[in-house]
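Trainee: Spelled out, the chains give:
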Amino acid sequence: MQRSSWRGLGFDAEPLCGRDGARMISGYHANMTSAASERLSRLVIEHGLRPMAIAVCFVLVALLWTFPLQHVISYPFVFLFFGAIMGSAWFGGMVSGFMAVVASSLLIGYFFIPPFFSAAIAKESQSFFAAFILCAIAITVVSSARKRAENAIREAHDELEFKVLERTAELVRSNREIQESERQLRLLTEAIPQQVWRADAEGRIEHCNQHLRNYTGRNVTELAGESFFDILDPEDAPLYMQGWKTALATGGRFEVEARVRGADGIYRWFLARSIPQRSEDGKIAHWYGIHIDVEEQHRAQQNLTVAHEDLARYARTMSMAEMAASIAHELNQPLTAVVTHAYACREWLNSQPVNTDKAASTAEKIVQESTRASAVVSRVRALFRKDAQVRESADMNRVIRDLVRVLRDEAIRCEIPIRLILSADLPKLRMDPIQIQLVLRNLVMNAMEAMAQTAAPRELAIRSAMHGDREVLVSVEDRGPGFAPEIAQRLFEPFFSTKPEGTGMGLAICRSIIETHDGHMWAENSPHGGAVFQFTVRAKQ
Amino acid sequence: MTEKTETAIRTSEAVFIVDDDASICEGLSNLLESVGIRSETYSSAEAILEDWSESNAGCMLLDARLPGMSGVEFQGKMQKLGIGMPVIFMTAHGDIPMVRKVMKAGAVEFLTKPFKKEELLHAIDQAFAFDRKRRQDEEILNSIKARMDTLTGREREVMERVTAGLLNKQIAAELNLSEITVKLYRRQVMDKMHAGSLAELVKLCERVKTPSRATGDRA
Chain R
2 MQRSSWRGLG
12 FDAEPLCGRD
22 GARMISGYHA
32 NMTSAASERL
42 SRLVIEHGLR
52 PMAIAVCFVL
62 VALLWTFPLQ
72 HVISYPFVFL
82 FFGAIMGSAW
92 FGGMVSGFMA
102 VVASSLLIGY
112 FFIPPFFSAA
122 IAKESQSFFA
132 AFILCAIAIT
142 VVSSARKRAE
152 NAIREAHDEL
162 EFKVLERTAE
172 LVRSNREIQE
182 SERQLRLLTE
192 AIPQQVWRAD
202 AEGRIEHCNQ
212 HLRNYTGRNV
222 TELAGESFFD
232 ILDPEDAPLY
242 MQGWKTALAT
252 GGRFEVEARV
262 RGADGIYRWF
272 LARSIPQRSE
282 DGKIAHWYGI
292 HIDVEEQHRA
302 QQNLTVAHED
312 LARYARTMSM
322 AEMAASIAHE
332 LNQPLTAVVT
342 HAYACREWLN
352 SQPVNTDKAA
362 STAEKIVQES
372 TRASAVVSRV
382 RALFRKDAQV
392 RESADMNRVI
402 RDLVRVLRDE
412 AIRCEIPIRL
422 ILSADLPKLR
432 MDPIQIQLVL
442 RNLVMNAMEA
452 MAQTAAPREL
462 AIRSAMHGDR
472 EVLVSVEDRG
482 PGFAPEIAQR
492 LFEPFFSTKP
502 EGTGMGLAIC
512 RSIIETHDGH
522 MWAENSPHGG
532 AVFQFTVRAK
542 Q
Chain E
117 MTEKTETAIR
127 TSEAVFIVDD
137 DASICEGLSN
147 LLESVGIRSE
157 TYSSAEAILE
167 DWSESNAGCM
177 LLDARLPGMS
187 GVEFQGKMQK
197 LGIGMPVIFM
207 TAHGDIPMVR
217 KVMKAGAVEF
227 LTKPFKKEEL
237 LHAIDQAFAF
247 DRKRRQDEEI
257 LNSIKARMDT
267 LTGREREVME
277 RVTAGLLNKQ
287 IAAELNLSEI
297 TVKLYRRQVM
307 DKMHAGSLAE
317 LVKLCERVKT
327 PSRATGDRA
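Chains as they are written, first to last, in the working numbering: chain R, 2 to 542; chain E, 117 to 335.
These are calculated hints, taken from the structure and not from any lab test. It cannot be assumed that every hint is accurate.
[Claimed, not checked] SDA-like cross-link-like pairs, simulated, lysine to any residue; straight-line CA separation at most 25 Å: (1) R:Lys500 to R:Ile367; (2) E:Lys233 to R:Glu416; (3) E:Lys233 to R:Val103; (4) R:Lys359 to E:Glu149; (5) R:Lys359 to E:Glu234; (6) E:Lys233 to R:Arg347; (7) E:Lys232 to R:Ile367; (8) E:Lys232 to R:Val378; (9) E:Lys232 to R:Val103; (10) E:Lys196 to E:Lys233; (11) E:Lys325 to E:Ser294; (12) R:Lys359 to E:Lys217; (13) E:Lys233 to R:Ala343; (14) E:Lys217 to R:Ala329; (15) R:Lys359 to E:Val151; (16) E:Lys261 to E:Asp241; (17) E:Lys233 to R:Val368; (18) E:Lys232 to R:Lys148; (19) R:Lys359 to E:Gly198; (20) R:Lys359 to E:Ser128; (21) E:Lys232 to R:Gln353; (22) R:Lys359 to E:Gln304; (23) E:Lys232 to R:Ala364; (24) E:Lys232 to R:Ile138; (25) E:Lys285 to E:Leu257; (26) R:Lys148 to R:Pro116; (27) R:Lys359 to E:Glu156; (28) E:Lys232 to R:Val405; (29) E:Lys232 to R:Glu416; (30) E:Lys232 to R:Ser476; (31) R:Lys359 to E:Glu290; (32) E:Lys232 to E:Arg251; (33) R:Lys359 to E:Ile256; (34) R:Lys429 to R:Ser476; (35) R:Lys359 to E:Ser145; (36) E:Lys325 to E:Ile296; (37) R:Lys429 to R:Glu416; (38) E:Lys233 to R:Ile138.
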């Protein structure tokens, strides 16, 4: 039993091996009933039996080696015992060391100091023996202290290593958690059916979701920095840039609507929004942005605007119809009175005897009512006098561009490209822009309708140019079938229409509007096929 | 109906003209006066409702478009108020849905301004005839009601049961009277109601139970 425990100690040579040994030994005593006695026995083993066993082993080895050596060379090989003492103190601690000192002293005194094989010590050897004991004690103390220190260092080292391992594991775990949460966040941004991006403090895009990459057909590096503005509609880019720069400078919210070109080259309206994320010291760390596709809303809005304008246009003709109805009503009332009075007058004249008083007063009424009817007519005429004209200084090209923007969707729907050939140096004109736009709109819509049945190539060209010194000429040319020359003059007559459901009022109203602008309007057949409607507006003096 | 009462009804008849245009009102009343028809003019539906009396007889000549309550709305209101007077509509420009609506609601005629004298007078004649019939029915009904009012409680009970077809014996049992007493009450009921036979009495009672036959006919 002692031997086995010693083997365990000696071969493992681990600082904590004592515990193992103790566990092994306590295994033999496992059947001991009392825990206290088990602890006692462990104490005895730990501090008594184990050091003693170690000391006995080392000293025995030293003794066994010393005998043959002494036999061969006549020299007191007592230093071997120093080795045994050192080993005992090293492996068994202070107790074991002292046990080895005692055992060694006894054995040396008995075997190797004259008189040999006697516990007595010769006088001349006493100093030697004393020196031996002192040296042995010193070795024991030094060796065990050294061992303790080494043990402490090793323990500290082990503890450190354990802590490092623990810390590393923790780091790995938290790293993995961060990665997982990042992955989930990215999944979330991908799940949003809008374009999401993140930019650094200078506004350079560092990350964007798949939607943005797919829509623009560019990757993050191609979107970063100024190159992002390339995919904006040139018309919206300045506004976007300005808004973005202001937001970057002030750290405020950013919100702008702009058309963005997709990978397919088609522009769509987006609402771009961005908010800064600030770090703890208040500096902007990142910008988070989203591009929301608002093309449908825009289209709906535009349709609404167009519908609204159409409604306004219809309202104008409606109000004309209503005016006609109200004129009819106003005239009808006095006429009804005239008719009834006339009937009455005839009755009074037919009565027996003839009631001349009544007949005369009734005739008087007829005169009054007829006068009233004619007053209605003059009032209506007064309504159509052109006193209240709007005249403001306006740019014809701008009027044309505004209209084309409004009609863009309609043109796309009809698959008719609109070509603008606008003279850059036109003077400002005094006109009613709404009325002129109404005229243009009428001409453009007519042109589109004319081309609805014709095959490609369809094209609608709107030109503006100077006409003489003092007039601006605007022409609208289509590639439709044109018109028969004999109806050229009748085109502008009221109630003349070549369309089955046309009112025949459109061009008549257009011409009258142009004429109130001191201009002319006429139509020709184009040499390319199709019709050209043109009008002039006098420049302001 | 005697000759005398008939003329009385005729003379009390008038055309109630409602039009916001005073000259139309004037012209119409002048024309009606020339042919001997009395007329009253009002500028709005609200005005005529204010002056309305149950005894008014004749017809209404109503402009479809009136300020405030329109002619069509006024027609609906008349029915609610139980004014059974026939209505002739006139308008400067009536649409078909409007015509259909007012004709369905019981208008006599729909005239488009300006209208011919004959059209107007024919419509008025027709309306007056309707109104006469209506008032006669109303008068008869009123006289029956008046006769009924002279009945005592017991007589009324007996009458109800007689007209319901019960035999004297059953009535006596129900009311806890002798058969002789029932017979007595029965004779008194016949006298007071001026009914010559049981059939006539039943008819009179029926008439009271189904009111406003005159308007019912037209609708």
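Trainee: For each hint, tell me whether it holds in the structure or not.
Mentor: Hints and how they fare:
1. Our distance criterion of 25 Å between C-alpha atoms is broken by lysine 500 (chain R) and isoleucine 367 (chain R), whose separation comes to about 45 Å.
2. The straight-line distance between the Cα atoms of lysine 233 (chain E) and glutamate 416 (chain R) is roughly 62 Å, outside the 25 Å bound, and the hint therefore fails.
3. Restraint check: the Cα-Cα separation between lysine 233 (chain E) and valine 103 (chain R) comes to about 161 Å, which exceeds 25 Å; the hinted pair is violated.
4. A threshold of 25 Å between alpha carbons decides the hint, and for lysine 359 (chain R) with glutamate 149 (chain E) the separation of about 10 Å falls inside it, so the pair holds.
5. Pair hint lysine 359 (chain R) plus glutamate 234 (chain E) holds up; C-alpha atoms about 20 Å apart against a cutoff of 25 Å.
6. Only pairs whose Cα atoms come within 25 Å are accepted, and lysine 233 (chain E) paired with arginine 347 (chain R) is accepted, the gap being roughly 11 Å.
7. For the hint pairing lysine 232 (chain E) with isoleucine 367 (chain R), the CA-to-CA distance comes to about 16 Å; that is within 25 Å, so the pair holds.
8. Taking the CA atoms of lysine 232 (chain E) and valine 378 (chain R), the gap is near 24 Å; set against the 25 Å cutoff, the hint holds.
9. The suggested pairing of lysine 232 (chain E) with valine 103 (chain R) is violated, with an alpha-carbon distance near 159 Å, which exceeds 25 Å.
10. Taking the CA atoms of lysine 196 (chain E) and lysine 233 (chain E), the gap is about 32 Å. The hint is violated against a cut of 25 Å.
11. As the CA atoms of lysine 325 (chain E) and serine 294 (chain E) are separated by approximately 29 Å, the hinted pair breaks the 25 Å bound.
12. Straight-line distance between C-alpha atoms of lysine 359 (chain R) and lysine 217 (chain E) comes to about 39 Å, which puts the hinted pair past the 25 Å bound.
13. With a C-alpha separation of about 10 Å, the suggested pair lysine 233 (chain E) and alanine 343 (chain R) falls inside the 25 Å cut-off, and the hint holds.
14. The straight-line distance between the Cα atoms of lysine 217 (chain E) and alanine 329 (chain R) is roughly 23 Å, inside the 25 Å bound, and the hint therefore holds.
15. A hinted pair counts as satisfied when its Cα atoms are at most 25 Å apart, and lysine 359 (chain R) with valine 151 (chain E) qualifies at roughly 12 Å.
16. For the hint pairing lysine 261 (chain E) with aspartate 241 (chain E), the CA-to-CA distance comes to about 30 Å; that exceeds 25 Å, so the pair is violated.
17. Restraint check: the Cα-Cα separation between lysine 233 (chain E) and valine 368 (chain R) comes to about 19 Å, which is no more than 25 Å; the hinted pair holds.
18. The straight-line distance between the Cα atoms of lysine 232 (chain E) and lysine 148 (chain R) is roughly 141 Å, outside the 25 Å bound, and the hint therefore fails.
19. A hinted pair counts as satisfied when its Cα atoms are at most 25 Å apart, and lysine 359 (chain R) with glycine 198 (chain E) does not qualify at roughly 38 Å.
20. Straight-line distance between C-alpha atoms of lysine 359 (chain R) and serine 128 (chain E) comes to about 23 Å, which keeps the hinted pair within the 25 Å bound.
21. With a C-alpha separation of about 23 Å, the suggested pair lysine 232 (chain E) and glutamine 353 (chain R) falls inside the 25 Å cut-off, and the hint holds.
22. For the suggested pair lysine 359 (chain R) and glutamine 304 (chain E), the alpha carbons sit about 60 Å apart, so the restraint of at most 25 Å is broken.
23. Only pairs whose Cα atoms come within 25 Å are accepted, and lysine 232 (chain E) paired with alanine 364 (chain R) is accepted, the gap being roughly 18 Å.
24. Between lysine 232 (chain E) and isoleucine 138 (chain R), the direct Cα distance comes to roughly 156 Å. Violation of the 25 Å bound is thereby established for this hinted pair.
25. About 31 Å separates the Cα atoms of lysine 285 (chain E) and leucine 257 (chain E), which puts this hinted pair outside 25 Å; it is violated.
26. Straight-line distance between C-alpha atoms of lysine 148 (chain R) and proline 116 (chain R) comes to about 37 Å, which puts the hinted pair past the 25 Å bound.
27. The suggested pairing of lysine 359 (chain R) with glutamate 156 (chain E) holds, with an alpha-carbon distance near 18 Å, which does not exceed 25 Å.
28. Under the criterion of a C-alpha separation no larger than 25 Å, the hint pairing lysine 232 (chain E) with valine 405 (chain R) is inconsistent with the structure, at around 56 Å.
29. A distance of roughly 59 Å separates the Cα atoms of lysine 232 (chain E) and glutamate 416 (chain R); the hinted pair therefore is violated under the 25 Å criterion.
30. In summary, the hint linking lysine 232 (chain E) to serine 476 (chain R) is not supported, as the alpha carbons are separated by about 55 Å, beyond the 25 Å threshold.
31. In summary, the hint linking lysine 359 (chain R) to glutamate 290 (chain E) is not supported, as the alpha carbons are separated by about 72 Å, beyond the 25 Å threshold.
32. Of the supplied pair hints, the one linking lysine 232 (chain E) and arginine 251 (chain E) is violated, its CA atoms being roughly 29 Å apart against a limit of 25 Å.
33. Distance check on the hinted pair: lysine 359 (chain R) and isoleucine 256 (chain E) sit about 41 Å apart at the alpha-carbon level, beyond 25 Å; violated.
34. At roughly 18 Å between alpha-carbon atoms, lysine 429 (chain R) and serine 476 (chain R) fall within 25 Å of each other, so this suggested pair holds.
35. Distance hint between lysine 359 (chain R) and serine 145 (chain E) is fulfilled; the C-alpha atoms sit about 12 Å from each other, no more than 25 Å.
36. Among the hinted pairs, lysine 325 (chain E) with isoleucine 296 (chain E) is inconsistent with the structure: their alpha-carbon atoms are about 29 Å apart, more than 25 Å.
37. Distance check on the hinted pair: lysine 429 (chain R) and glutamate 416 (chain R) sit about 33 Å apart at the alpha-carbon level, beyond 25 Å; violated.
38. The straight-line distance between the Cα atoms of lysine 233 (chain E) and isoleucine 138 (chain R) is roughly 158 Å, outside the 25 Å bound, and the hint therefore fails.
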